[in-house]
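Please put together the full structure from these sequences, using the hints given.
Line by line, the protein sequences give chains E and B. Take the first sequence: its position 22, counted from the start at 1, is 579 in the working numbering, and no numbers get skipped. Take the second sequence: its position 6, counted from the start at 1, is 14 in the working numbering, and no numbers get skipped.
Do not rely on the hints blindly, as some may be mistaken.
[What the hints assert, rightly or not] Calculated pairs, DSS-like style, for lysine-lysine (alpha carbon to alpha carbon, straight line, at most 27 Å):
1. Lys10(B) / Lys63(B)
2. Lys672(E) / Lys63(B)
3. Lys646(E) / Lys10(B)
The set of hints was computed from the structure by calculation and includes no laboratory data. Here the structure is a predicted model, which means the values were calculated and not measured.
The residues making up each chain are set out below.
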Amino acid sequence: MNTLKINYKSIYYPPGGILMWIIIFLELITFGMALLAFVYYGKEQPELFHQSRLQLNTTFGVINTIFLLTSGFFMANSVLEFKNNNRLKSSLYFKLTMLGGLLFLILKSVEYYHKMESGITPETNVFFAFYWLLTAFHLIHVIMGLVILIWTNYGMTKKNSDTGIDDIEACAAFWHMCDLIWLLLFPVLYLIF
Amino acid sequence: MKKTLFITYGLLIVLTVSTALISNTMSVSRILIILIMGLSVLKFLLVSFEFMDLKKAHSFWKVSLILVLGLIILGIVV
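In structure tokens form, the structure reads like this:
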């Protein structure tokens, strides 16, 4: 579909496409179940979880949330500009989106480095087993999202581009999914124990 | 840049900073958990409905997302 007019009210075409939304639901359910298991273990060992949580850097978590939300904001603007047939501006917002993702990756790497330097690994305790598993799994999604963004941006800027609004929206939906997952991970891992 | 997107972004930042401030000033309690998760639900809905344009989608997708989110949050809070 290479048109700027999509009937979003159709049950078969939510913004981003039905396939992407099935993926989003599967991801949310997977991460959600892991978070429920994490909370279950947290209720079993509240002191261990509290002490472990205090070893996490909340400021890093907040800044990373802001990086992802900012990149999500630029992504939404990119879709809007593409719909207005302004590919140049859309591509600029795409690049700003990627910058947000890249900053997230850098700060997460710094956080991981500090943890490893302090000898905190997935084997440390059940809290950190979940911490590493959930954040690393999320990080893989961000990296995948960045690859998709780079590829789509390349496609939309080349001459005789056949990139349509459905491609841009699917790409945006995947990127926003990373935001949604992080918005659940951040409070549960960094704040509530 | 659309005004609603800009307002949504501003709200998201305010909610994120508020969440961090609340968690730093209050000791861990049931009220704190409900408050933090409540603010997270707001952020989640703002991203999905405004940034992802879910507000334009068929009710099926809106209801399904709220249902899945509700179940996850309920499991965390209860």
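Worksheet item: Between Lys672(E) and Lys63(B), is the straight-line Cα distance small enough, at 27 Å or below?
Response: violated, 40 Å
Worksheet entry | Hint consistency between Lys10(B) and Lys63(B) [alpha-carbon to alpha-carbon, up to 27 Å] | This hinted pair holds, its Cα atoms lying about 15 Å apart.
Worksheet item: Is Lys646(E) within 27 Å of Lys10(B), Cα to Cα?
Response: At roughly 13 Å apart (the allowed maximum being 27 Å), Lys10(B) and Lys646(E) satisfy the hint.
In the structure shown, a violation is registered for the earlier hint numbered 2 alone.
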